[in-house]
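Line by line, the protein sequences are chains L and U.
With positions in the first sequence counted from 1, the corresponding number in the numbering used here is that position plus 444.
With positions in the second sequence counted from 1, the corresponding number in the numbering used here is that position plus 444.
Derived by calculation from the structure, the hints in this document are not laboratory data.
Glycine included, every Cβ here is placed at the ideal spot set by N, Cα and C.
Don't take each hint at face value.
[Unchecked claim] Some chain U residues well away from chain L (every beta-carbon gap over 12 Å; in silico):
| id | residue |
| --- | --- |
| 1 | Ser463 |
| 2 | Glu540 |
| 3 | Pro562 |
| 4 | Leu569 |
| 5 | Ala693 |
| 6 | Tyr706 |
| 7 | Glu740 |
[As the list claims (entries may be wrong)] Sample of chain U residues with no beta-carbon within 12 Å of chain L, all distances over it, derived:
| id | residue |
| --- | --- |
| 8 | Thr546 |
| 9 | Pro612 |
| 10 | Lys617 |
| 11 | Lys683 |
| 12 | Ala687 |
| 13 | Phe714 |
[Claimed, not checked] Just a few of them, taken from the derived set where beta-carbon distance is under 8 Å, the chain L residues facing chain U:
| id | residue |
| --- | --- |
| 14 | Leu458 |
| 15 | Met468 |
| 16 | Gly505 |
| 17 | Gln508 |
| 18 | Leu513 |
| 19 | Glu540 |
| 20 | Ile650 |
| 21 | Val654 |
| 22 | Thr669 |
| 23 | Pro670 |
| 24 | Ser672 |
| 25 | Gly674 |
Here's the letter readout for the chains.
Number of protein chains: 2
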Amino acid sequence: MPEDVLAQARDELLDWHGSGMSIMEMSHRSKQFVSVAAAAESDLRELLGIAATHKVLFLQGGAQAQFALVPMNLLGAKKSADYVETGQWSKKAVQEAKRYCTPNVVASSANERYTRIPGRETWRLDPDAAYLHYTSNETIGGVEFHWIPDVGSVPLVCDMSSDILSRPLDVSKFGVIYAGAQKNIGPAGLTLVIVREDLLGRAAAITPSVFDYKAQVEADSMLNTPASFGIYLAGLTFKWLLAQGGLAAIEKRNIEKAALVYELLDETEFYRCPVRRDDRSRMNIAFTLRDAKLDEPFLKEAKAQGLSELKGHRSVGGMRASLYNAMPLAGVKALVGFMREFEKRHG
Amino acid sequence: MPEDVLAQARDELLDWHGSGMSIMEMSHRSKQFVSVAAAAESDLRELLGIAATHKVLFLQGGAQAQFALVPMNLLGAKKSADYVETGQWSKKAVQEAKRYCTPNVVASSANERYTRIPGRETWRLDPDAAYLHYTSNETIGGVEFHWIPDVGSVPLVCDMSSDILSRPLDVSKFGVIYAGAQKNIGPAGLTLVIVREDLLGRAAAITPSVFDYKAQVEADSMLNTPASFGIYLAGLTFKWLLAQGGLAAIEKRNIEKAALVYELLDETEFYRCPVRRDDRSRMNIAFTLRDAKLDEPFLKEAKAQGLSELKGHRSVGGMRASLYNAMPLAGVKALVGFMREFEKRHG
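If we strip away everything but chain L, and leave its shape as in the complex, we get (with noise of 0.2 Å):
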C-alpha cells in the first residue's frame, strides 16, 4: 500500500476526523461510516470511470470466493460458462466452478506453461455460454491481457485482481469485474465487485445472502457488517490514486517501471524472461537466472539489500519482481542497479 495512505491510517487510527473513534469502531450503518463508504465508491467511480449501469460491492471473502460466487450468481438457468486458462489463478476459478456447471476450457496456455496469452483467434466460444472468465493477470507465470477480449454478447467476466487500477479500463465492455484488495486496493480481506445491472436477479437459491449481488447492491453492500476498516483504506488509495493524476498517470509510470527490468533481462543471457514479449505482465516480472545454482546468492544478497519477495512462486521457481502500484520507480532503479551489479560479479 502506498506509504502515504498507511501514514494516514496510522494518524487517525484512534481518532477518526475528531470523532473520538477508531474508524473501525464505528456502526457501519453510522453517518460517519456511511459517508466514507459513499466517498470510496465515488472515487472508485470517477477512477475507472464507471457508468450508471454498474454496480460497486465491497464484499468479503476474497477473489477465490468469487471463483464460486460468480457461477452461483450468473449461471441462472445456463449449465455452461467459457473460461480462458492463462495460469494458476484462472486454473483455480475453472477448477471451483465444476462445483457448479460445465466450465468449457475455450483456450490454454498449458502446453506452453503458461508462458502467453492464447490469441483471441483460437479460442473457441460457445454462444450460449452463461459467461466468460478470464484473469487479466496472472501473478505467477507474469503473464497479462494488454486488450480486453471480444466474446460479442456473451457476459464478459474478468478476474482482475493483481491489476485493476495499474491503467486505464474501459469497465462498460464487462458484465462482471471482481478483485480482491490486496494488490492495488487495500487489505487483504476486502474484495471489490462490479457487476451490470442487467446481470442481477440470476443468483441460485443455494446462494448465501451476503453473497447474492442482487442482495448486496440493493443493500449498499451492507446486508451484514462490511469489512470497514478495508473500506475505508481502499477509500484512501483511490483518493491517493486520484492525486497522483488518476490511471493515466499511474498506468505511465507502470509501464516506465516494468520497462527498466523488462530491458534489462533482455540485454542479458545471464537473466532471462520466459513471456512472449506481447503478454508480459507490468505487474510481476517472472525471470529466471542462466544458472540456477546462483538463484540462493542472488536472493541472500537482494535481501541484504533491502530487496525481498524475489522468489519465484514455489510451483514455478525462479525469480519474480512485484511491482504493483505501490512499488515506487526508485524501488525499481535499485532492484536493476543490484541486478547488473550481481551479474557483473557472478556473469
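On the provided structure of chain L, position chain U as indicated by the hints.
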C-alpha cells in the same frame, strides 16, 4: 476495541517489529505473518482452554455468511437441523438455513417478543437432527444464554458473535462455535470458527472451497489470502485479554458493569428493562423510558456528554447500552450517572 490494542496497532502500522513493512503488506506466507497467526491461535486456545479435539479457523464473510456455511458444512446426508429462536439474529439464521435444509424451530420466544430464553424443558428436539443451532447473545433484544444447553449427542452449534470472550467457556461441549470479530475480537471482516475435528469432511459439494471447514483446517486458514490485518488485531486483543487476567477476570468486570445498569433499571419506574431477569444480557442492555417522548432528549443529552450509540435497534425501538469487553467501567459509571441525573430532571 481496547484502546491499548489500537495504540499498539497505530505504533506498528508502518513498521512491524523493525521489518520496515506494515503487517498489511507482508505476504501471508511469510515467516513473520505465519508467526503472528500462530500466536493468535495459541493465545486464543489458552484463553478459552481449547483442546486439540477442536480446530480454530480465521475466515472471512462475517457471522451471517456462517448462517449459510454451517448447514453447507454440517448437514452431510441429513436433511434437517434444529434451531432455537431467541431474537432477530437466530431468526435470520433459520431463514438462511432454509436454502439448504428444513430447519426445525425447536423453541421460540417470538410470542414473548424475544424477551426471554425458552426453558430447555420446552424444547422439542429431533434426535436425528444434523445439529442444534442457537445464538448465545441477541444484541437487539438483549437476551443472553447464561447456560450451555445439553442436547445429547446432537452437535451443538452456537453463534457467539456478540459474547464470545466475555466469560470463560467450556468449548468441549460444542460442535461448532462461530463469531464475527467485530464485538469482542477485532475488526469487522474476520470470522472465527471453532470446529470439532470429527465434524470435518461433511461439506456439501456446493460449498465454496474457501469456506469448506476441512479444506481450511488442512491449510491453516490459508487456502486463500486471509484477512491478515484482522488476524493481527485479534492476536493483539487476545494478548490484551490474557494481560487482564484472562476470561475469569473479564467476566468479573463484565458482571460488575452490567449490574450497575440493571440495578438502576430495576430501582426506578422511569426506566424499564423488558427482559426476564435470568436471561438478561451482559453485553447489550435493552431498556425503555417510561415516557417515549423523552427518547429524543435522552439521546441528545447523552450524546452531548459523549455517550453515543444508545439508540435501540429500529426493529424494537427504545434504548440499548452495549457493554462489550472494551467498554471500561468508567464508561458505564458515566452512563449510569447520566441516567440518574436525567431522571432527576425529567422524572
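### Query
Quick check: which numbered hints come out false for this structure?
The structure breaks hints 1 and 2; every other hint is satisfied.
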